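Undergrad: Sequence:
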Amino acid sequence: MGIAKPKHDPIAAGIAAEDKYASGVKKAVDSKSRAVALGKTDMATWFKYTSEIGSARLVEGVTKREAKVTEFVRTFQPMLVDHLSKVDSLPSVTDKNREDKMLENLRGLRALKGKA
Numbered sequence: 001m002g003i004a005k006p007k008h009d010p011i012a013a014g015i016a017a018e019d020k021y022a023s024g025v026k027k028a029v030d031s032k033s034r035a036v037a038l039g040k041t042d043m044a045t046w047f048k049y050t051s052e053i054g055s056a057r058l059v060e061g062v063t064k065r066e067a068k069v070t071e072f073v074r075t076f077q078p079m080l081v082d083h084l085s086k087v088d089s090l091p092s093v094t095d096k097n098r099e100d101k102m103l104e105n106l107r108g109l110r111a112l113k114g115k116a
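Note that my numbering numbers the sequence shown so that position 9 is 9, with each residue one more than the last.
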């Protein structure tokens, strides 16, 4: 019932709390609390949880977000094709050419980040 008729718009509330969110993330990064938390676990524990939870969670999450995923692919695909056509047109004869091509690909992908 609460999901169907929330008292406040959760999207607007999230946008309004952007400064608070950024401050919290900066505090976590500065204090290295993520690294501390990751240091408290090990690969055996990670493997135990991932094998018990299983890949179905990922599939279920993607399936439930199919419209969002489809919209992302529809928007991003043309941008990616355009980017790749520019990168593919660069020469790759020498090692220097290949390095330049790799760097151009990296720069282009960074420029595309968040645009879809």
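The set of hints was computed from the structure by calculation and includes no laboratory data.
Treat the hints loosely; a few may be bogus.
To be verified - With beta-carbon atoms standing in for the labels, derived distance ranges:
#	residue 1	residue 2	range
1	Ala35	Thr75	27 to 37 Å
2	Ser92	Ala4	30 to 40 Å
3	Glu18	Thr75	19 to 29 Å
4	Arg34	Lys68	23 to 33 Å
5	Glu52	Ser89	41 to 51 Å
6	Ala28	Tyr49	16 to 26 Å
7	Glu52	Asn97	47 to 57 Å
8	Asp88	Asp9	41 to 51 Å
9	Gly54	Thr94	26 to 36 Å
10	Ala12	Phe72	15 to 25 Å
11	Met79	Leu103	37 to 47 Å
What the hints assert, rightly or not - For lysine-lysine, the following DSS-like pairs were computed, each having C-alpha atoms within a straight-line distance of at most 30 Å:
#	residue 1	residue 2
12	Lys20	Lys7
13	Lys115	Lys86
14	Lys40	Lys26
15	Lys27	Lys40
16	Lys86	Lys20
17	Lys86	Lys7
18	Lys40	Lys68
19	Lys86	Lys26
20	Lys64	Lys96
21	Lys20	Lys101
22	Lys26	Lys101
23	Lys96	Lys7
24	Lys96	Lys68
25	Lys101	Lys113
26	Lys20	Lys68
27	Lys5	Lys20
28	Lys101	Lys64
29	Lys86	Lys101
Values in this document were obtained by computation on a predicted structure and should not be read as measured data.
The C-beta atom is built at its ideal place from N, Cα and C for all residues, glycine as well.
Undergrad: All hints are to be evaluated individually against the structure, with a verdict given for each.
TA: Now the hints, each set against the structure:
1. Ala35 / Thr75: 27 to 37 Å: holds, 34 Å
2. Ser92 / Ala4: 30 to 40 Å: Because 55 Å falls outside the window, the suggested range is violated.
3. Glu18 / Thr75: 19 to 29 Å: holds, 23 Å
4. Arg34 / Lys68: 23 to 33 Å: Since Arg34 and Lys68 have Cβ atoms about 26 Å apart, the given range 23 to 33 Å holds.
5. Glu52 / Ser89: 41 to 51 Å: holds, 48 Å
6. Ala28 / Tyr49: 16 to 26 Å: Taking Cβ atoms as reference, Ala28 and Tyr49 lie about 22 Å apart, which means the hint holds.
7. Glu52 / Asn97: 47 to 57 Å: Since Glu52 and Asn97 have Cβ atoms about 48 Å apart, the given range 47 to 57 Å holds.
8. Asp88 / Asp9: 41 to 51 Å: holds, 44 Å
9. Gly54 / Thr94: 26 to 36 Å: With Cβ atoms ~47 Å apart, the hint is violated.
10. Ala12 / Phe72: 15 to 25 Å: holds, 22 Å
11. Met79 / Leu103: 37 to 47 Å: violated, 19 Å
12. Lys20 / Lys7: This hinted pair holds, its Cα atoms lying about 21 Å apart.
13. Lys115 / Lys86: Holds, at roughly 18 Å.
14. Lys40 / Lys26: holds, 21 Å
15. Lys27 / Lys40: holds, 19 Å
16. Lys86 / Lys20: The hint is violated at about 40 Å.
17. Lys86 / Lys7: The hint is violated at about 49 Å.
18. Lys40 / Lys68: Since the Cα atoms of Lys40 and Lys68 sit roughly 34 Å apart, the hinted pair is violated (cutoff 30 Å).
19. Lys86 / Lys26: It is violated: about 36 Å lies between the C-alpha atoms, which goes past 30 Å.
20. Lys64 / Lys96: Violated. Lys64 to Lys96 sits at ~45 Å, over the 30 Å cutoff.
21. Lys20 / Lys101: violated, 40 Å
22. Lys26 / Lys101: violated, 34 Å
23. Lys96 / Lys7: Given pair Lys96, Lys7 is violated - Cα atoms ~59 Å apart, limit 30 Å.
24. Lys96 / Lys68: violated, 40 Å
25. Lys101 / Lys113: Holds: Lys101 and Lys113 sit about 18 Å apart, inside 30 Å.
26. Lys20 / Lys68: Distance ~26 Å between Lys20 and Lys68 Cα, so the pair holds.
27. Lys5 / Lys20: holds, 25 Å
28. Lys101 / Lys64: With Cα atoms ~37 Å apart, Lys101 and Lys64 exceed 30 Å; violated.
29. Lys86 / Lys101: OK: Lys86 and Lys101 at ~10 Å, within 30 Å.
The structure shown violates the earlier hints numbered 2, 9, 11, 16, 17, 18, 19, 20, 21, 22, 23, 24, 28.
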